[in-house]
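What follows is each chain in one-letter form.
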Amino acid sequence: MNIEKFISEFADQFDDLDTSSFTAETLFKENDEWSSMTALSVIAMVDDVYAVRLTGDDIRNSKVIQDIYDIVLKKSNS
Amino acid sequence: MVEESDAEFILSLRTDPVHARYLTHTDNNLQKQIEWIRAYKKREKKRQEYYFLFSDHDYQPLGVIRLYDITADTYTSGSWIIKPGCDEFVSIKSDLFISEFAASELKNKRCVFDVRKDNKKVLRFHKMFATITGEDELNYYFTIDEESVKRKVSFLISIIQPKT
Numbered sequence: 000m001n002i003e004k005f006i007s008e009f010a011d012q013f014d015d016l017d018t019s020s021f022t023a024e025t026l027f028k029e030n031d032e033w034s035s036m037t038a039l040s041v042i043a044m045v046d047d048v049y050a051v052r053l054t055g056d057d058i059r060n061s062k063v064i065q066d067i068y069d070i071v072l073k074k075s076n077s
Numbered sequence: 000m001v002e003e004s005d006a007e008f009i010l011s012l013r014t015d016p017v018h019a020r021y022l023t024h025t026d027n028n029l030q031k032q033i034e035w036i037r038a039y040k041k042r043e044k045k046r047q048e049y050y051f052l053f054s055d056h057d058y059q060p061l062g063v064i065r066l067y068d069i070t071a072d073t074y075t076s077g078s079w080i081i082k083p084g085c086d087e088f089v090s091i092k093s094d095l096f097i098s099e100f101a102a103s104e105l106k107n108k109r110c111v112f113d114v115r116k117d118n119k120k121v122l123r124f125h126k127m128f129a130t131i132t133g134e135d136e137l138n139y140y141f142t143i144d145e146e147s148v149k150r151k152v153s154f155l156i157s158i159i160q161p162k163t
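Residue numbers (numbering that gives the first Met the number 0), protein chains in the order written: chain L, 0 to 77; chain B, 0 to 163.
Some hints here could point you the wrong way.
Selected chain B positions facing chain L (in silico; Cβ < 8 Å) [stated by the list, open to error]: (1) Lys119; (2) Met127; (3) Thr130.
Cross-link-like lysine-lysine pairs, in silico, DSBU-like; alpha carbons within 30 Å at most [claimed, not checked]: (4) B:Lys40 with B:Lys82; (5) L:Lys4 with B:Lys151; (6) L:Lys73 with B:Lys40; (7) L:Lys74 with B:Lys151; (8) L:Lys74 with B:Lys149.
Derived from the structure by calculation, the hints contain no laboratory data. The beta carbon of each residue, even a glycine, is placed where N, CA and C say it ideally should be.
All chains should be modelled from the sequences, with the hints used to inform the complete structure.
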């Protein structure tokens with residue numbers, strides 16, 4: 000896994016927001032577009048691309064993109 | 000089920016320029032919304048349509064979802080909209096609820112529905128389980144059979160009730 004690629008895939012789940020400044024440290028819930036639909040879209044993307052099942056708690060307990068990346072990395076290695 | 004008293008909340012959701020842009024246009028007219036719900040309640044009584052409002056533990060409304068166009072073989076699921084700022088579980092729980100309701104109340108029927116092509120978030124989710132049967136300039140048209148609904152329900156449950 001590669002964090003740059005993951006940030007790009009994560010950013011793709013936002014349709015309107017300018018995500019060009021997204022980094023691993025981006026607080027991804029602190030914008031107008033974040034919603035429970037975006038959360039579901041992120042879960043679907045991770046399931047599709049990484050064959051990893053994120054849970055609602057994984058999303059709920061994460062603040063920055065790096066948090067989600069670390070969870071996906073850990074689950075994909077287990 | 001939705002009641003006339005929910006008209007103001009539903010209107011606020013459906014006239015939100017950002018979050019309702021993928022739904023059929025709704026006039027910003029409370030009286031019209033009340034009349035629409037009044038007509039809907041007659042369809043509900045005949046079991047022709049089901050319009051659900053979901054709320055939080057304090058009974059504060061969070062969103063709506065609807066089953067309609069119920070025929071001998073098919074039904075449509077749509078009008079799905081959730082208030083911004085809700086907990087991450089709300090979209091999952093609402094879809095889980097409607098899938099389970101349809102499985103028990105609309106047995107042996109196939110769900111057919113359309114999703115706007117630029118509604119990327121909802122498209123990504125539905126593409127995991129449903130099959131695209133057609134498209135036009137505006138929409139993709141989907142169908143999902145009972146087996147795929149079961150897979151989806153299992154997926155959604157695994158998100159909100161993970162195995163420890």
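Q: Tell me, in ascending order, the numbers of any earlier hints that this structure violates.
A: Hints 3 and 6 contradicted; others consistent.
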